[in-house]
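Can you make the complete structure from the sequences, with help from the hints?
Protein chains: 6
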Amino acid sequence: MRWNPLPLPSQDARTDFLAGMTTLAGNGSPVAGHGCSAHIYAINHPMENRFFSNADGEMLFVPEKGKIELRTEMGVLVIGPCEIAVIPRGLKFQLNPLEGTARGYVCENYGSPFQLPELGPIGANGLANPRDFSSPHAQFVTGPEADLQHELVHKFQGMFWSAELAHSPMDVVAWHGNYAPYQYDLRRFNTIGTVSFDHPDPSIFTVLTSVSETPGTANVDFVIFPPRWMVAENTFRPPYFHRNFMSEFMGLITGSYDAKEGGFVPGGSSLHNRMSAHGPDAITFEKASAATLSPQKIDHTLAFMFESRFAFETTRESQEPHLLQQDYWKCWQGFKKQFQT
Amino acid sequence: MRWNPLPLPSQDARTDFLAGMTTLAGNGSPVAGHGCSAHIYAINHPMENRFFSNADGEMLFVPEKGKIELRTEMGVLVIGPCEIAVIPRGLKFQLNPLEGTARGYVCENYGSPFQLPELGPIGANGLANPRDFSSPHAQFVTGPEADLQHELVHKFQGMFWSAELAHSPMDVVAWHGNYAPYQYDLRRFNTIGTVSFDHPDPSIFTVLTSVSETPGTANVDFVIFPPRWMVAENTFRPPYFHRNFMSEFMGLITGSYDAKEGGFVPGGSSLHNRMSAHGPDAITFEKASAATLSPQKIDHTLAFMFESRFAFETTRESQEPHLLQQDYWKCWQGFKKQFQT
Amino acid sequence: MRWNPLPLPSQDARTDFLAGMTTLAGNGSPVAGHGCSAHIYAINHPMENRFFSNADGEMLFVPEKGKIELRTEMGVLVIGPCEIAVIPRGLKFQLNPLEGTARGYVCENYGSPFQLPELGPIGANGLANPRDFSSPHAQFVTGPEADLQHELVHKFQGMFWSAELAHSPMDVVAWHGNYAPYQYDLRRFNTIGTVSFDHPDPSIFTVLTSVSETPGTANVDFVIFPPRWMVAENTFRPPYFHRNFMSEFMGLITGSYDAKEGGFVPGGSSLHNRMSAHGPDAITFEKASAATLSPQKIDHTLAFMFESRFAFETTRESQEPHLLQQDYWKCWQGFKKQFQT
Amino acid sequence: MRWNPLPLPSQDARTDFLAGMTTLAGNGSPVAGHGCSAHIYAINHPMENRFFSNADGEMLFVPEKGKIELRTEMGVLVIGPCEIAVIPRGLKFQLNPLEGTARGYVCENYGSPFQLPELGPIGANGLANPRDFSSPHAQFVTGPEADLQHELVHKFQGMFWSAELAHSPMDVVAWHGNYAPYQYDLRRFNTIGTVSFDHPDPSIFTVLTSVSETPGTANVDFVIFPPRWMVAENTFRPPYFHRNFMSEFMGLITGSYDAKEGGFVPGGSSLHNRMSAHGPDAITFEKASAATLSPQKIDHTLAFMFESRFAFETTRESQEPHLLQQDYWKCWQGFKKQFQT
Amino acid sequence: MRWNPLPLPSQDARTDFLAGMTTLAGNGSPVAGHGCSAHIYAINHPMENRFFSNADGEMLFVPEKGKIELRTEMGVLVIGPCEIAVIPRGLKFQLNPLEGTARGYVCENYGSPFQLPELGPIGANGLANPRDFSSPHAQFVTGPEADLQHELVHKFQGMFWSAELAHSPMDVVAWHGNYAPYQYDLRRFNTIGTVSFDHPDPSIFTVLTSVSETPGTANVDFVIFPPRWMVAENTFRPPYFHRNFMSEFMGLITGSYDAKEGGFVPGGSSLHNRMSAHGPDAITFEKASAATLSPQKIDHTLAFMFESRFAFETTRESQEPHLLQQDYWKCWQGFKKQFQT
Amino acid sequence: MRWNPLPLPSQDARTDFLAGMTTLAGNGSPVAGHGCSAHIYAINHPMENRFFSNADGEMLFVPEKGKIELRTEMGVLVIGPCEIAVIPRGLKFQLNPLEGTARGYVCENYGSPFQLPELGPIGANGLANPRDFSSPHAQFVTGPEADLQHELVHKFQGMFWSAELAHSPMDVVAWHGNYAPYQYDLRRFNTIGTVSFDHPDPSIFTVLTSVSETPGTANVDFVIFPPRWMVAENTFRPPYFHRNFMSEFMGLITGSYDAKEGGFVPGGSSLHNRMSAHGPDAITFEKASAATLSPQKIDHTLAFMFESRFAFETTRESQEPHLLQQDYWKCWQGFKKQFQT
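Protein chains in written order, with this note's numbering: chain A, 200 to 540; chain P, 200 to 540; chain R, 200 to 540; chain X, 200 to 540; chain C, 200 to 540; chain W, 200 to 540.
Everything labelled a hint here was simulated from the structure, so no lab data went into it. Even for Gly, the Cβ is constructed at its ideal location relative to N, Cα and C.
Per the computed footprint, the stretches of chain C lying under chain X, defined by three or more beta-carbons under 8 angstroms from a beta-carbon of chain X, are:
hint : stretch
1    : 308-322
2    : 379-390
3    : 398-404
4    : 418-427
The calculated DSS-like cross-link candidates involving lysine-lysine, where the alpha carbons are at most 30 angstroms apart (straight line), are:
hint : chain 1 : residue 1 : chain 2 : residue 2
5    : W       : Lys536    : C       : Lys354
6    : A       : Lys529    : A       : Lys496
7    : X       : Lys496    : C       : Lys496
8    : C       : Lys496    : C       : Lys535
9    : A       : Lys496    : P       : Lys496
10   : R       : Lys529    : R       : Lys486
11   : R       : Lys496    : W       : Lys496
12   : W       : Lys486    : W       : Lys536
13   : C       : Lys354    : W       : Lys535
14   : A       : Lys486    : P       : Lys496
15   : W       : Lys496    : R       : Lys486
16   : W       : Lys496    : W       : Lys486
17   : R       : Lys536    : R       : Lys486
Right, here's the structure in full:
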């Protein structure tokens, strides 16, 4: 399945984060504590006196358009496209657009918290380096703002609950420990890949992983397809054709993705579920098969994947005609037979 | 420390494998069952009616010059430069030159048997792929050769023992299981490296590892520096300056190594022990610092490393003036200060 | 949420264990094999010719009032308030009051069997010591009682099934192994706590744990708040304010709990689910903030907690007005601001 | 519960694999990725242009009557009674009878793939030996057959989906790796048992295991009761009476099972769920209690068990009167008391 | 290597345990905390006022002739042939003969304490069952005996130290915990073996194991060859020919061992070190190759093995001509060739 | 064994760190990479142009008298009594007294680097909290000092090597990563202990641990006996009498230790090796047995322990009469018998 980007809200409709969120797909269960959901947001208004907290999971934000501010009990994060932020489970926060409108993706993770993957033979450094992550300084409000009436929307066991507060939740004066929101600039990712031949698994592009109890089958991985050099010799260089156990929800932050010539645009999404065969479209296949294999820089592009051990189920909203692309399957028509006895 | 290659034996001196072996360095202990030794051989004669078996460890052969034949109880392996073979502990075998003379390196591994490293985020394929390793078919001798008197040299607890046998040990008619000799062509190594910036740990070049009880500190790793593309941007591309816990015994199979302009030649060896600082020589440093960072293929070269958690101690033989290079340290003279306040 | 104690059954209503049990909350699933339920019982009659067995989980009994007898296939246990007993999954048993009426709590554990926690740096002894647990001697009935008609009520996949038996299930003549019922006196708990400053996690009071596949997030922990010395200096000594991942079902066996002045009485219960902020009430806060921090013995009290990685869902019965305290939330009203810029 | 065999389809009804399959029981969930289902098939027709693939789990085939052919993308397997085959998740295949009619059992495994059990103190060999498993050579169709219209039936998240293909899926020209179908001859099982006294756990007969995250409680084990010597002294030799955590679905491939004199026939099935007591019937008990304990060969029999950590729920189809044996429970009537005080 | 039994001390020589002990072989190191030693004792006198304690390792006693009493701080154990006892590291004790003379074997274990092996697929019971091990009740001396002068011999870092005590060390009034001496009757071993074909690894006879950090390579295993049924079909039934990583020190408690017709007698010992090929002698081979394979009870015999991951080094004492059998190797002469092309 | 403090160097003798160090005891081996050594230093002079680096292990400094400065490649640490610092293996540094003279203890750790212990049931906080550790900012020298001739003393494989450097090693301009020196104030230790009865293991006072491959038997633990409240009821409160597997090297930083009335003074040391019984002296025993058990603050004291899985061997220097206390054993004379039958 493939989806168009969510339209930006019109100027008249004051759409804050909670109003401007659409759920495309999800799996697992916040009650059972595993799986994740893939949401998209398109907003043009701050949350003002409304705060949100989520007992069901932590939230990973992937802006595609427009800077956003994450005002949390523990301080303020500011991120834009090509950056990400993670808000831990249970923390009160606001997401506000800083540049008029904002659009992006959210992974709501019901399982174990995101962490950096073990690097294995990659060694002591590589992929996302710990030193490039940062958490905010404490920050709290005083004066009249602190005593305003606030609304707290709380997500618990898959339901939304609303409560009135007689004060701002931004009243945390100091904090310590490591259960904190954090942000990361995806442009600092140290991309590793083949420098000889073949096309490695996309697991080599893992930024963060929510591990499951079974090594090798993550609850959900956050994987990116960043700018990088392609130098593989004697190799079909685009992502190869495959069907596999893991299910892949993809989004595009900027540029174009190297397995699809068109149709998959910034702000759009695609889903290839467990054991659904997929790969480059026919045009990409023909081009790549004929290409000269000199070093080539894939640049000005950033796609990502929420990859999960559970198949994603799609929502009713995701089936609306202005979102869902009905003819996605046609991109794989027209392949020619390659072998005869 | 750095060593010249072992001179090839003169035609008059009929030198078989046991006669033509020199031990440069070792660590751990065959009695305690950890550590390894680094040997070099230079031979010009087959073992004829002599066989060898080693109760102290398995043996990894790295030919630098000349094809060799490994006749084992379980069949025959033939390898040449850029290939390796491993004979398990306790197996009777002969090493015979097939092209007049032969020279190469041996890692005698007292610890856990070599295995492929866990790939971590590299995923399902990469580095040395299991399908590229092969074991021999059973093969046994009959007729008069089978009944000849043979000598068996057995290494046990660091000592050599000799026994007379009234028949050939090549009398194994069939075998099954996975405790078998095997060979691998290093040119099939799927090299992975940075395709963005920075210079990864050499652990990313691990072919085989003898793990210890402590993850991350191998008993001994067999690591190669194969032909590959260098595309790192904003990066000092040669192996960086470092001192570290692991100790590094290196050899060169062919070509030249990218951290040293000269002195380290095919058949030669070097050793940088635990916490000894090392890195490129001053000439390499100047060149690499000034170079334009376009894609570059490092080609026609193959160096390797026996890297161990234990510091290597060198033998008396290794100190002989025709082997040991007295002025190796001088390659790091002449660096200029880079910072002033 | 907070609940009043279950009223004791009137003398006229002959209420045995199966009739006198009320389920307040539960999580997970007996079908999937994880989670637990929290029940309370208030009874005044023995089970006579009725036996119970539970294929869905083991049962932990926490009497609050009145001695009870647990007649099992493997022998008889007798426990009273401040003692506990555990009946393994699938064992046939009766629970009978020995002193007229009896009241208490039950944790039905669908996950892995309760075990003693690993002690970590606490060392070789501490918390509940293995030597203080005991299992019964075999005991079986003969004569006419053995041949009476009996009813067996069996719980399987969350349902109750009834069968007629032509004989007593108390016909086990001998047994061996470690799959056996056991009892423990909570007064023998070797309580560990701070002897310097700060207020440790309640995990330091764990008596028994049903581990999950994810270390640190137990399926359910049985935790107590026993008599102990408070000596922490420079510290707010009552249980601190927090919201957290684990969900906490509490009960009170005797005395009063140090975070709440009233409302939480022996036989009563409270529930603070995942990421619901809680802590001492406003009165306790004021008192503790002003107190002189000399050594103080918290005595004549015993509260406990069933703490689970899954949020508890409450039953319809638990919402009845004579049980549920509607104004529990008010105990946190009236806190004063502590910081101004 | 116990079931009669599925009747063979009449000659008129052309029944292929998808039409001729009946589900008796299942547990867990293909969505959550654990548990398994037990199916039986009775067929008399090949699948022709129909192919099947299963995204929900791998499939273990246990023929009871008639050879079958498993035509897969990766080549063709042929097995008959006393042999098994496993088709991995997501692979396209056909199951065709080779001898007119065919009947057998299927375990659809939603959890981790079947693997050989760790042998523990059994050592380096025993039970099912790796060398006795085999995978097919690649095989692909060309010519007109390759261009025929085909139907692909795909099982995904517990539902069946059908698609038209313009070509045969048998178009895989070569493959490598270890994600492949395989077969095994159960007559090569190296059966281990007591050679002194007592009756070991049936776990000692494990052929393949789908492990769960909790060691000791498999998602599902495939266990057989093969021909073997009984030599235990001072022992009641038939399977002992027990109730236990694991749930046991059994089938009979040939001969008769040593705990039941009749009623359990080849092609039939039985189910003893979690904590349901079971054991030999009264007749078997009397005979075995009186028998002389000389060495005895149990021969010409092969029963098996799908043993799971989850209780099996039965389907509506399984309750049909021609399948379900209503009086199974009566086989345990008539036991005499053994002890009096 | 093979040894004769130690001669029993003559009546005139009052030989207590410390005087009557001979060390045959050892490996590892008490300083490094791994490995073990194999000792034999032949005694005719109690230790009287002498006590022994061993900081270097625990001691496993295997009597071959005569009951012995182990008087320890924690109570008294009495064992005879076919029984064993283990005294933990650091416990003060006496070993006294109860029937005039006594002879036996001792394994001094420098590594991790002996424990029961994990049973793997053998399941919940089998091999040595926990319920058959017993520890003594506390026992202490009073009166004049308590105040006698005593000698304490203490072994520490491989050396013996002697101290005078003004009182008996048998002054422990009570004890708890599980760091205690224990005994076991080897006749209660539940022997498991093949009931189909092939000859399993001797690991299936493991009574106790001192694990190392590397699973599968025990520091030392205590293995027995107890009475059992041999029923393997199509199999060469005696212990097969092999050379392997583990080193095997054997002793014989009673009867004769099934791989050797003579020479290996009760009280005698043999050693087959790492990668030394061994197996039945030529006579046994011929007989077993010609035998009819009906069920056969191997009875009236009990051999054992201390099997270690380290090769054993032998002592000077072990080389004395009255102990060491010079012609042991000859038992393997005279085998005939079995294969010709 | 017990030692007097090292005398402070006389003013005339300019004693720097390398000159003023005495080794009392050690175990394991820097070559094999396990074990540790216990050193003491007494100095009155800075190292000036001399630097030290240690390839054999990391070094833990425990000052007893006088502030010291640790000038390292990565910046400068300043610590005094009741503080500690750790310099990682291979880092160049100077130790200089800042207040005239300085004295203290050093643990040279050959095994795995010190880390915080897993807290187990102690929970999320407690003992030494991560937030109380700090590492220095980078700092480098320029100008004439940078170009002075320096001596580097390097310890490698247990030997000292000296090299001339033409510049200061303090030339590191920036660094990142976590392989860095750090310091900690022991007064911030969150001491946990019994608040009911009994006397916990000293493991509950672990500040840092160098783990071994065998959980529960650390290579070396750094344990402190800090100020704390004693409130145990019905308990003999001083450290109990014991002999155990671990070996204990102790030192005293300030005050007096609660198991010994005298003899063990600040700057002094004691050693109780594996399985050597020890405990309070007779006077302490009598007093503690008669004491009223009201809450008592143990204050103004700080002892510590290097506790290792290997027995310590003492050096020749440690046996000098002005250091070694010959009559230490006498402190345990005079205990009275407590039990009579």
